[in-house]
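Protein sequences, first through last, are from chains W and B.
Its first residue numbered 1, the first sequence is counted upward by one per residue in the UniProt record's numbering.
Its first residue numbered 1, the second sequence is counted upward by one per residue in the UniProt record's numbering.
Treat the hints loosely; a few may be bogus.
[As the list claims (entries may be wrong)] Lysine to any residue pairs mimicking SDA-like chemistry, simulated, CA-CA at most 25 Å apart: (1) W:460 <-> W:382; (2) B:493 <-> B:475; (3) W:106 <-> B:429; (4) W:460 <-> W:586; (5) W:744 <-> B:197; (6) B:350 <-> B:296; (7) B:269 <-> B:153; (8) W:614 <-> B:182; (9) W:51 <-> W:378; (10) B:436 <-> W:108; (11) W:26 <-> B:372; (12) B:350 <-> W:794; (13) B:106 <-> B:475; (14) W:614 <-> B:319; (15) W:712 <-> B:475; (16) B:365 <-> W:99; (17) W:737 <-> B:172; (18) W:712 <-> B:319; (19) B:153 <-> W:698; (20) B:106 <-> W:789.
[As the list claims (entries may be wrong)] Away from chain W, derived, C-beta distances all over 10 Å, residues of chain B: (21) 4; (22) 27; (23) 35; (24) 181; (25) 215; (26) 273; (27) 369; (28) 405.
These are calculated hints, taken from the structure and not from any lab test.
Bear in mind the structure is a predicted one, so any value in this text is a computation, not a measurement.
A virtual CB, placed ideally from N, CA and C, is assigned to each residue, including glycine.
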Amino acid sequence: MSLLHIAILSPFIFAIFIPFFYKGFKSIHTGWFTLILPIVLFLYFLQFLPKVGGGSSVIETISWIPSLNIDFTVKVDGLSLLFALLITGIGSLVTLYSIYYLSKEKEQLNTFYVYLLLFMGAMLGVVLSDNLIVLYTFWEFTSFSSFFLIGYWFDREKSRYGAQKSMLITVFGGLSLLGGIILLYIMTGTFRISEMLANVDAIVNHALFIPAMIFILLGAFTKSAQFPFHIWLPDAMEAPTPVSAYLHSATMVKAGIYLVARVSPIFALDQSGLWIWLVGGIGIITLFWGSFNAIKQTDLKAILAFSTISQLGLIMSLLGVGAAALHYDYLDDNIFMVAIIAAVFHLINHATFKGSLFMVVGIIDHETGTRDIRRLGGLMQIMPITFTIAFIGAFSMAGIPPFNGFLSKEMFFTGMVRVLQMDIFHLETLGFLFPLIAWVASVFTFVYSMIVVWKTFAGKYQPDKLSKKAHEAPLGMLISPVILVSLVIIFGLFPNLLSDTIIAPAAQSIMPQFIFDDIHISHWHGWKSPELYMTIGVIVIGALLYLTAAKWKRVYRLFPEKLTFNKLYDALLPSLETGSNLFIRSHMTGFLRSYLAYIFIFFIGILGYTIWSKDAFTINRANTAEIGIYEIVLALLIVIGCVTIIFAKSRLTSIIALGAVGYTVSLFFVIFRAPDLALTQLVIETISVALFLLAFYHLPKKFRHEESRRFKLNNALISIAVGVIVALIAISSYSTKLFDSISKYYVEHTYDPAGGENMVNVILVDFRGFDTLFEISVLSIAGLGIYGLIKLRMTRRKEG
Amino acid sequence: MINLIVLPILIPLLTAVLLIFFASKVKTQRWISAISALLNIGVAFSVVRKVFVDGIQILNVGSWVAPFGITLVSDMLSALLVLTTTIIGFAVILYSFSSIGKEREKYYYYALVQFLLVGVIGAFTTGDIFNLFVFFEVMLMASYVLLVIGGTKIQLRESLKYLTVNVISSALFVISVAYLYSVVGTLNMAQISERIGSLEEMPGILTVIAVLFLIVFGMKGAIFPLYFWLPGSYFAPPIPVMALFGALLTKVGVYSIIRTFTLFFFQDKDYTYELLMILAIITVVVGVIGSIAYWNIKKIIIYNIITAIGVILYGVSVATTTSFTGSILYLIHDMLIKAALFLLIGVMIKITGTSNLRQFSGLIKHYPGLAWTFFIAAISLAGIPPFSGFVGKLLVIQGGFTAEEYIGATIILLSSLLVLYSVMKIFIHGFWGVPKEYAKKESISYRALLFPIVLIITISVLYGIGSDYVYSYVSQAVQTLVNPELYIEAVLKE
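All chains should be built: construct the whole structure from the sequences, respecting the hints.
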């Protein structure tokens with residue numbers, strides 16, 4: 001076990017100690033104890049920075065299930081390191097922030113930090129595992145820790161709803177991912193991504209390539225809240241705000257992006273264009289739909305949720321479009337590579353500005369008691385620091401210089417505009433949609449960014465609508481967002497701090513076919529660049545739309561509430577339940593006669609079909625005796641007896657008829673020279689008839705329910721058919737004696753060595769005495785049962 | 001020849017007899033039951049080790065050489081199932097101490113449990129098709145009595161259905177054995193296999209008999225469309241009995257299908273295995289539908305039995321080494337986890353006095369241990385790694401995909417989601433939310449009830465994480481399934 005493994009598992013180990021710490025040191029906020037770990041891990045991962053340049057990586061393995069090729073292999077390359085730093089870095093800031101956000105008096109801090117640590121460990125596992133099964137394991141862990149964090153305040157109906165929704169959608173994606181992993185395994189014989197990469201040609205030309213791609217994309221899209229699976233993310237906002245900042249904005253929802261980036265070297269080679277269209281197309285639709293819907297929200301957190309959806313779509317679309325680079329000459333100055341660089345860069349930027357904005361919303365909620373923009377306003381003077389943070393974060397998100405969001409947004413435009421130069425997979429005709437939608441969505445992004453800042457901080461202060469008297473947040477709560485917005489500014493002014501240290505190695509991992517070095521991110525692309533005019537357009541049109549929002553907001557009414565995917569989800573679960581219930585009730589009648597009818601109909605159908613299709617019926621009279629008058633008479637007696645049992649009007653007649661049938665059978669034994677069997681049968685018949693008579697004496701008089709003629713007819717048909725089938729199989733089995741019976745052995749060995757004179761007896765007590773022993777047990781069990789049944793009556797007691 | 005392998009049958013048999021004499025002394029009965037069950041775990045474990053080291057073990061009862069006497073055969077499959085059975089038996093017995101109630105204890109409850117174990121373990125161990133029938137009878141008779149003992153109205157009503165269906169299936173079982181005997185002339189399973197294997201082409205009648213066996217065991221194993229009796233019958237008895245039924249009885253049916261289909265009916269697979277596959281897939285679907293249809297926690301778990309049966313048999317029907325391995329891994333997992341789940345909902349019912357999920361909530365506040373144990377059981381059931389259900393399901397699906405049986409494999413993959421939904425519904429509505437007041441009639445010994453459950457769950461978690469260790473045993477079990485020669489050789493050529 002290497003240090004890397006310990007690093008991944010350390011949050012789990014740490015989590016075990018949290019409850020003890022919580023109990024032992026009530027006066028210290030549990031968060032302080034927790035905080036140590038992400039900071040140490042962040043520092044630990046920092047030292048990998050020099051090791052991953054130029055596409056190199058660090059690999060460590062410990063075996064878990066080697067027989068199935070499932071080993072806990074950890075690989076640190078540019079991409080995973082970027083994520084590991086995000087997870088631990090944002091993790092430290094969020095933990096620090098949560099110490100001031102969650103009161104140690106009111107909240108169950110032990111469970112909160114256990115979940116948070118579980119998440120951290122799981123997320124590290126996802127981004128560092130090279131073995132896909134291990135990745136999948138951690139993937140599901142992130143879903144479940146998210147489930148628990150969303151349901152943290154489980155007294156609330158909405159929390160439970162949100163938790164269940166996120167679990168169902170992300171676990172669905174997880175299973176789908178598992179399906180994809182299995183298909184990849186079938187194609188390559190390995191679960192390790194790095195080994196699959198060595199085998200790319202075999203995968204690309206395999207028939208399972210497209211199904212595997214779709215399965216894996218379903219996993220990625222659900223996790224990263226891509227359209228139409230985005231519906232779980234707004235409801236996930238029921239989680240405490242630090243959690244939303246961490247899981248549902250900065251890290252977990254980016255697991256899908258990570259996955260797409262991780263498998264890009266395989267699937268981006270897709271020759272059908274499906275990958276580009278799916279990843280790019282779904283991404284760009286999500287970008288648009290998220291930003292468009294963010295504007296109509298009135299809850300600050302909901303705005304940020306839709307904004308996150310939109311921004312995830314943005315990164316996703318870049319990864320899709322960037323895949324086109326692989327379909328052109330593998331030149332290092334391939335113009336389509338920029339999309340990949342933009343994706344990585346924006347991923348970092350998004351974490352910084354969105355993280356700070358979530359923390360701002362948390363502060364506002366904490367200090368004013370509401371997140372509703374209709375009740376907020378005029379907080380600029382009261383909360384100046386919070387305002388500054390929000391201003392920087394939102395303007396970065398809107399893509400305004402000099403913040404980091406501006407740089408990556410321009411790069412995004414560059415990537416999208418270059419789609420116009422692609423001439424593959426119908427991009428030459430429909431490709432123009434990419435820059436167009438990108439631009440429109442950016443306008444909406446600008447609008448909601450303005451809403452976040454100005455609706456909250458400008459305008460009139462309305463103290464009467466707030467449940468608390470607003471004031472600036474405590475210092476501790478401000479530290480984390482201040483650090484994040486500092487990064488927003490630093491990365492905005494000096495983007496090339498990142499370019500060779502983190503962005504290039506990460507992009508290298510996404511597209512190992514190229515060499516990413518000398519990445520230079522510049523603020524100014526010259527007067528001729530279309531990006532410049534797109535950005536100016538966004539600001540001008542965006543500002544206009546923001547100012548006239550009241551006029552055009554009616555547009556949203558064009559989308560009827562009933563037709564949203566949310567409604568679909570809400571309708572799906574209950575109707576699934578009702579549907580299942582109806583289905584079950586339709587045949588689970590509770591009546592034995594229905595069940596027997598189903599079983600026998602199946603019996604007749606399947607055996608009848610088998611006999612027919614296998615031509616299994618044979619009859620061979622070579623070894624059968626002549627049928628004489630006795631046999632015919634006895635057979636007739638049996639038939640008459642059986643008919644009487646069924647049609648008799650009283651129990652007595654039925655029982656007597658039953659006895660008659662039994663005695664006739666024993667006569668058959670006599671004719672066929674089996675005297676001991678005949679005797680046994682006689683005894684049994686006599687006893688059972690007597691017992692039946694005794695028992696029935698105590699039963700109510702009513703014997704038969706009157707049934708409809710159709711019911712009777714059906715039952716009669718079923719019975720006859722069952723009889724015919726059994727008889728057909730019996731005749732055929734008897735006629736197909738393929739081997740000698742082992743019974744000769746018994747004949748020869750009854751005297752010696754068994755030492756008996758009656759073969760049947762010897763079989764019963766010696767050759768197969770083991771059977772008899774347990775048949776005796778059966779009788780004793782029955783005896784115990786009858787005794788218990790008579791003596792013990794618990795009817796009046798409650799069952800448990 | 002080794003006497004060791006008859007011990008797991010004899011110990012519960014003798015214990016049962018002994019217990020009858022101590023009917024009124026409840027404390028003594030408890031001690032005897034628990035010690036005997038614990039002892040049997042040890043013996044079963046040593047059988048597993050013995051088979052692991054020295055291969056298939058056999059015992060010709062009464063020294064009548066195979067195929068003329070009755071032969072007991074412990075291959076790895078049977079040894080593992082016996083071990084699992086003894087563990088579940090022990091846990092259920094412990095649980096019964098504080099759950100089943102003095103009245104039932106005085107009326108031979110513990111003896112009957114031991115008899116049930118005799119039947120189940122015997123069925124797993126025997127190498128004789130008629131003897132299998134006998135052990136089925138032991139098991140069924142014990143189950144009839146366990147189901148009816150106490151004599152409440154619902155028990156009597158459901159016993160009648162259960163009894164009728166099983167008597168019919170037993171009759172069909174005997175008939176099927178007779179047909180098979182007529183065609184192949186022997187009852188020894190190894191010899192049946194050998195004789196059928198020596199045929200150049202399987203005659204149609206054998207295919208018919210195969211289908212007949214499928215019906216007989218399918219009724220026990222509750223596959224579609226033969227499962228109708230199960231939801232009602234399993235609903236009626238007290239919780240520990242329900243756990244025994246849910247964990248063991250259906251699995252004996254499944255085991256018998258696996259045994260007969262791999263040992264006897266390995267020819268004409270295009271027909272018989274295809275039929276099995278179709279039924280298995282529908283069984284999964286029907287099970288899932290049932291488990292999401294109800295708000296009654298007993299019903300939810302009961303329908304999950306059916307789903308699991310479908311998953312296991314799907315793997316069997318694909319019939320590759322991978323899929324068999326998956327099925328066996330999943331079978332053992334499912335026995336453990338079903339027992340645990342039934343016992344868990346038993347505790348919930350004890351606490352709240354109801355099995356209706358709409359009538360209780362917020363249990364996690366006062367019973368966090370119960371909640372977390374339930375959660376682990378729930379995600380194990382759904383096959384979330386690294387817990388016990390995962391590797392089995394992975395291999396079943398992988399086997400399905402490799403054999404290009406895409407529909408079934410995809411259905412099983414996605415069925416996990418609804419399985420998860422059905423049990424997490426219990427978690428979300430029963431454990432989360434605001435605690436309610438319940439009219440408690442009796443005080444419950446929460447810790448004593450939780451202990452055996454934690455025991456099973458611990459084993460199940462180790463089973464999942466230590467999959468590699470388990471795998472070495474299970475892959476040995478699968479060898480007999482893919483290569484019946486091994487079984488034949490061990491029995492007939494000693």
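Going through the hints against the structure:
1. Restraint check: the Cα-Cα separation between residue 460 of chain W and residue 382 of chain W comes to about 12 Å, which is no more than 25 Å; the hinted pair holds.
2. As the CA atoms of residue 493 of chain B and residue 475 of chain B are separated by approximately 23 Å, the hinted pair is consistent with the 25 Å bound.
3. Only pairs whose Cα atoms come within 25 Å are accepted, and residue 106 of chain W paired with residue 429 of chain B is accepted, the gap being roughly 23 Å.
4. Note on residue 460 of chain W and residue 586 of chain W: the hinted pairing is violated, with a Cα-Cα distance of about 62 Å set against a maximum of 25 Å.
5. The hinted pair formed by residue 744 of chain W and residue 197 of chain B meets the criterion: a straight-line CA distance of about 22 Å does not exceed 25 Å.
6. With a C-alpha separation of about 14 Å, the suggested pairing of residue 350 of chain B with residue 296 of chain B holds against the 25 Å cut-off.
7. A hinted pair counts as satisfied when its Cα atoms are at most 25 Å apart, and residue 269 of chain B with residue 153 of chain B does not qualify at roughly 46 Å.
8. For the suggested pair residue 614 of chain W and residue 182 of chain B, the alpha carbons sit about 19 Å apart, so the restraint of at most 25 Å is met.
9. A C-alpha spacing of about 49 Å is found between residue 51 of chain W and residue 378 of chain W, which places the hinted pair above 25 Å, so the restraint is violated.
10. Distance restraint check for residue 436 of chain B and residue 108 of chain W: the Cα-Cα separation of roughly 20 Å lies within the 25 Å cut-off, and the hinted pair is therefore satisfied.
11. A distance of roughly 24 Å separates the Cα atoms of residue 26 of chain W and residue 372 of chain B; the hinted pair therefore holds under the 25 Å criterion.
12. Distance check on the hinted pair: residue 350 of chain B and residue 794 of chain W sit about 17 Å apart at the alpha-carbon level, within 25 Å; holds.
13. For the proposed pair residue 106 of chain B and residue 475 of chain B, the alpha carbon gap of about 44 Å is over 25 Å, so the pair is violated.
14. Of the pairs offered as hints, the one joining residue 614 of chain W and residue 319 of chain B holds, with about 22 Å between alpha carbons and a cut-off of 25 Å not exceeded.
15. This hinted pair does not check out: residue 712 of chain W and residue 475 of chain B have alpha carbons roughly 52 Å apart, beyond 25 Å.
16. Proximity of residue 365 of chain B to residue 99 of chain W is assessed by CA-CA distance (about 23 Å); at most 25 Å being required, the pair is judged to hold.
17. Restraint check for residue 737 of chain W and residue 172 of chain B: the C-alpha separation of about 20 Å stays at or below 25 Å, so the hint holds.
18. Distance restraint check for residue 712 of chain W and residue 319 of chain B: the Cα-Cα separation of roughly 43 Å exceeds the 25 Å cut-off, and the hinted pair is therefore not satisfied.
19. Of the supplied pair hints, the one linking residue 153 of chain B and residue 698 of chain W holds, its CA atoms being roughly 18 Å apart against a limit of 25 Å.
20. Between residue 106 of chain B and residue 789 of chain W the alpha-carbon distance is near 12 Å, which keeps this suggested pair within the 25 Å criterion.
21. Against chain W, the non-interface label of residue 4 of chain B holds: every CB pair exceeds 10 Å, the least being about 16 Å.
22. The Cβ of residue 27 of chain B sits about 19 Å from the closest Cβ of chain W, beyond the 10 Å cut-off, so the non-interface label holds.
23. The beta carbon of residue 35 of chain B sits about 21 Å from the closest Cβ of chain W, which is more than 10 Å, so the claim that it is off the interface holds.
24. Some Cβ of chain W comes within 10 Å of the Cβ of residue 181 of chain B; the nearest lies about 8 Å off, and the non-interface call is violated.
25. Some Cβ of chain W comes within 10 Å of the Cβ of residue 215 of chain B; the nearest lies about 6 Å off, and the non-interface call is violated.
26. Listed as a non-interface residue, residue 273 of chain B keeps its Cβ farther than 10 Å from every Cβ of chain W; the least gap is roughly 13 Å.
27. Interface exclusion of residue 369 of chain B from chain W stands, the closest Cβ pair being 12 Å apart, more than 10 Å.
28. Its beta-carbon lying about 12 Å from the closest one in chain W, residue 405 of chain B satisfies the requirement of being farther than 10 Å from that chain.
Taken one by one, the earlier hints fail for this structure at numbers 4, 7, 9, 13, 15, 18, 24 and 25, listed in ascending order.
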